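**Q** Okay, here's what each chain looks like letter by letter:
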Amino acid sequence: MRKIFKIYKPFTHAGVLLAAQYRANFFFFILGDILRCFINYFLWHAVFTSGGEKTFAGFSETDMVVYIFISFLTSVIAYSDGSYIVGEEIRDGNIAMRMIKPIRFDLTFLFQELGERLITVTMIFLPLMLGVEIYKFVVTGVIGFNILNFVLYLFSLILAYLISFYFNVCYGYSAFVLKNLWGANFLKDCIVGFLSGGVIPLAFLPPALSVALNILPFASLTYTPVMIYVGMFDAPTIIISFALQIFWLVFFFILQQIIWNACVKRMSVQGG
Amino acid sequence: MIYVENLKKEFKKTIKEPGLKGSIKSFFKPKNEIITAVNDISFHVAKGEVLGFIGPNGAGKSTVIKMLTGILTPTSGRCEINGKIPYKNRKNYVKEIGVVFGQRTQLWWDLALRETYTVLKEIYEVDDESYKKRMAFLNEVLELEEFITSPVRTLSLGQRMRADIAASLLHSPKVLFLDEPTIGLDVVVKDNIRKAIKAINAEENTTVILTTHDLQDVENLCERIVMIDKGSKVFDGEISALKSKFGSSREMKFVPENPESVSALDYKKEFNLRDGDIAVEDDGYTYSVRFNSNKIGVEKLLNYTLSTIHVKDINVGDADIEEIIKGIYRSEVKLDA
Amino acid sequence: MRILHKIHRTFKLHRIFIKQDLKKLMEYKIDFLTGAIGMLLTQAINIFFLSVIFARIPNLEGYSFEQIIFIYGFALLPKSIDHLFFDNLWAIGYFIIRKGDFDKYLTRPVSTLFAVTVEKFQVDAFGELFVGVLLLGYSVPKITLNISFLNVILFIISIIFATFIYTGVKLITSSIAFWTKRSGSIIYMFYMINEFAKYPTTIYNRALRAVITYIVPFAFTAFFPASYFITGGNPWYNIGGTVVMSVILMAVGIFVWNKGVSAYESAGS
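Chains as they are written, first to last, in numbering that gives the first Met the number 0: chain E, 0 to 271; chain F, 0 to 336; chain R, 0 to 268.
I should point out that these hints are in silico values taken from the structure, not numbers from a laboratory.
Only a predicted model underlies this, so the values are computations on that prediction, with no experimental measurement involved.
Even glycine gets a Cβ: it sits at the ideal position worked out from N, Cα and C.
Check each hint, because a few of them may be wrong.
Covered, in the sense of this in silico footprint (three residues per stretch, anywhere, with C-beta under 8 Å from a C-beta of chain E), are these stretches of chain R [stated by the list, open to error]:
hint, stretch
1, 10-22
2, 99-107
3, 180-187
4, 203-214
Chain E on its own, in the form it takes in the complex (with noise of 0.2 Å):
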């Protein structure tokens, strides 16, 4: 474990400054989909108060802001260009380049991604949810932030990334097939944006959609942290939760690796 550190830092330092160069540009990003966020909340907001009553599907209106800014925080930290680079890495030929390193191909993007999120947790995620936290405070009356929710939050975070990035890189291999990948990879941001609950609370869907959606594996990247965060889940779904974030994950490691080895042996035979 120690060794892979060792090896694989120079890349997270790699990411941290990459994220520092060009934070100005992030920050404006981010600050533009912020925007979204606030439209969501004051549609939300008229929602409650044109209907009248105090709940829907289980959501408070406190419970939905706060959800609509976590989902947001949540997809943000979750969200993985590892797609785009391998696509990239497919078109320029370069993916051959990475047989011949005596480096894992999936680690070093891995953690050049954990570098360029040091940056996006400090600079993005933390400010936000103080102000989520505020928000509640501010409204109820009472501090809400409960520990033990957090931690089980970061740790299905986690989980949500590392799913995020082992999908990502696997549809990335689709640009063996789909070339230019623009399109294919806009079209998948808005599908997993949907089917992980970032759009709409996977609670509102009618209940036999709402099920399916949550055994995707998508519902593990947004939906399940965030409604382990706001609370709406309880000790059994929380385990049931977890068991099924590990499984996608597993999943989607091999499913990364065979496609990788099947690659390996295209390119050694096909010559690249």
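Starting from the known structure of chain E, fit chains F and R onto it as the hints suggest.
**A** Quick look at chains F and R alone, frame taken from chain E:
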């Protein structure tokens, strides 16, 4: 035709302090440093002349060209071309000039070359009759026929350069600016491009201003050169003047029988010379000794060399223009005009 | 005669580039298809989201589902038209200036703004345009609209001027790159404010409403003009406002652009 007087261009450069704190600070209170890219340059060019604009990297050549073409506004000074001031009334002015930047294309990457010319025809409002004639002429000089239906992105560097030059000439400009027109091309292609430039200059008496790194370009195309270094003009005159002025610079080339024996030669010590007066270079096979013939006679040098080592071959000649200019860049030759 | 000639020239140049972009589209068929499907799906998901909400409430601040869909569809029209014709402004902010590629536009005897925008015809925009038309087609028969000759004219006018609100915002923010070398993220941030326009501005708080009405006036690209058609609000404010805001933004945009062009410092040597 072209008058440039005391032209000067300064750039403001923001000094960034390291770290997040530094960038926030520089965001609100930027610290600027002023860099003078072009300093007080004057020259003029007559109609039909081909002027070579030379100087080392970062000397300010491109900045001058960009001011003359109206891309940059001078900080101070004046330039006037055909009685027009480039950065004023730009749209009107650029109809009379053609510009080629060797490092980047101005053609539309995804359009077929022919389409590119159709776009330019509309932009420059060339009528159908002149367009036809013009294309025929350009085709003859630059041989565009073989790739005119291909998209620009598929052209080779040499083809692209020919296409770019044709694009800049479509509207029959009075002045043609070429910034590094032969950069990155192989010898044969370079030669073709030079021939084409000559033909265009001869045919229509087009004034050509060209910047280049390649001194072959200059020797082939220009009668006159303006040399700049660190933003200032260091030489302005005919190439022959440059040669006669620095003609004292001569070159002796020899191939030693045994390369190891060369270490026995020490010209500086033998003739008590300074660094600027003599320089020895070798490619592992041929040795070339550039020397100031005012300081040391050819005979003495030959005698010393031949008596110290055995050679397979030896000759003495004029240093070519390239050598002289290299010397000027290295400040070996003093320019006290 | 001179004007006619100019219009002819403009159309001819547009035609060449449009043809080219369509050709490119055929070349990257799969990418275009996946992208277009993605665009369609994004909108479909949003509509689905609205329908889920409306399954639980009778109306949103007094607006029925169909009225919301009308506003939403209306919003997509100017957005997609701007997207279709003025997409290259993004490239100004992202890389054209940073790489020094702006030089070539300065050596052409046409306005730089025209030379930049004519170059790209963004075919992807058809996805949004299609959805917008679809949503209007769905909602118009279901809401009470006064379809008169005058209103059709006003509709066209408001779409055209709303388009230039988008273009104006992009023009101002992309021009920043003339001084800072890049401004892509700034364009993005301001551009994203358009998302507010898809819903009735009455749902937002006062400060936000002021911002999207007077500062980055995207409210005039959809909600205000659309509400004239739905509720018969004051046309002078709702559509006149669109025209005025659009003219102001374009004037400021062109002014900043021209300032930027003269401050432009080409890249490298």
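**Q** If you check each hint against the structure, which ones fail?
**A** Violated hints (numbers, rising): 1, 2; every other hint is consistent with the structure.
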